[in-house]
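**Q** Sequence:
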Amino acid sequence: MEDLTRRLNSVALTPSTSPITTGQKPRLVYVDGMNYSNRFFEVGDHWCFKEARQNISKMVKHARNSNVVLKVFLDAYIETDEAILKWRSRREKEVRDRTRNMPQAMNVLIGEMFVMAGIEVAYSVDADNDDTLASHAHHDRAAVMSRDNDFLRYNGASYRIFEDFTYRREYLHLIPRKSTFLRPGTTKRDIHRPKPGVRSTDPGFITLPDFYLRGSPSPLTRDCGNLHITVRSLRQAYYASLGIKTAVREEFPTYRISDDDEGVVWLEEYVLPSDKYHDLLKSPKEAYEHYFGNLVRPEGVSSRDWDNHVYASYSVVFELCALHLGTSLFEMLCTYAKQPSKMIEP
1 MEDLTRRLNS VALTPSTSPI TTGQKPRLVY VDGMNYSNRF FEVGDHWCFK EARQNISKMV
61 KHARNSNVVL KVFLDAYIET DEAILKWRSR REKEVRDRTR NMPQAMNVLI GEMFVMAGIE
121 VAYSVDADND DTLASHAHHD RAAVMSRDND FLRYNGASYR IFEDFTYRRE YLHLIPRKST
181 FLRPGTTKRD IHRPKPGVRS TDPGFITLPD FYLRGSPSPL TRDCGNLHIT VRSLRQAYYA
241 SLGIKTAVRE EFPTYRISDD DEGVVWLEEY VLPSDKYHDL LKSPKEAYEH YFGNLVRPEG
301 VSSRDWDNHV YASYSVVFEL CALHLGTSLF EMLCTYAKQP SKMIEP
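Counting in the UniProt record's numbering, the final residue of the sequence shown is number 346, and the numbers go up one at a time with none missing.
Derived from the structure by calculation, the hints contain no laboratory data.
Check the hints yourself; a few may be wrong.
For lysine-lysine, the following DSS-like pairs were computed, each having C-alpha atoms within a straight-line distance of at most 25 Å [stated by the list, open to error]:
1) Lys195 x Lys285
2) Lys245 x Lys276
3) Lys188 x Lys178
Bear in mind that the values here come from a model prediction, so they are computed numbers and not experimental data.
I would like the entire structure built from these sequences, with the hints used as guidance.
**A** As structure tokens, this is what we get:
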């Protein structure tokens, strides 16, 4: 285990600078990272994280060839009430419809992959990610890359907006935003002054010790329950490792069926830290076997949904282990995770 930890710690998780050889001043482009998740990950395939890294590396390479300096902004948490309501509604729909288009912990993976490619990543910790990105772009005289219409809402914004990108030979081609009209009902905002704070490394679960709110990582919540609840005791060990002394309010969606009703419900529970399973935080393989060593595929479940459920089971365990060990979730998945449909039967 010590050898693995040493190897994972050797992964380049510190941004490196890229020399500009054209003699021209590089163009700064601040990227709304999660807005382009479907350009990196294949929708519906949670096991495509290696391909996602290749896609991100390709984008970075073409940007450097084009004298473009990227900086990627990611949410550390959903800040506004409006955003939380929208987020809850989407998570309920996923549980109800047995869907999960994108992989669990995708924001963590995107951040790691850009940093591995030498790109600076900024995690928004003091304000909503849109507010943070807009303010930084305005004050730093950078352009914004986002498909989000909300970047038109800021009063006096000086940045140019690109809505997408493509490749022309070895160069990155930025596509300017065509529409300049706000959606009906969108309110205008002032640019934040000073710039909201950011962190250069994944801050983990910044709502701790107050609460821990997550969706459901698997498309099979109605069949197998919420996997975040399954690994609760491992999370209690993580809380204890952080030195948390008080109960943490946890909340997750699940599906309930009763005699006269059925539907999505949010389960809330106050959970005390416990170091009972502390050793499992240091041993991702053993931790996975402890919680999910005897998974049983429900009857009638498609191969893709089962693959994605198994990915989710790895991810909810490894996310906690990686945070505790200070290592890479991506490398942990590459080292230990096994996709059911790709395994050869003995």
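**Q** Run every hint past the structure and note whether it holds.
**A** Results for each hint:
1. Lys195 x Lys285: Since the Cα atoms of Lys195 and Lys285 sit roughly 41 Å apart, the hinted pair is violated (cutoff 25 Å).
2. Lys245 x Lys276: holds (14 Å)
3. Lys188 x Lys178: holds (19 Å)
The structure fails to meet hint 1 from the earlier list, while all remaining hints are met.
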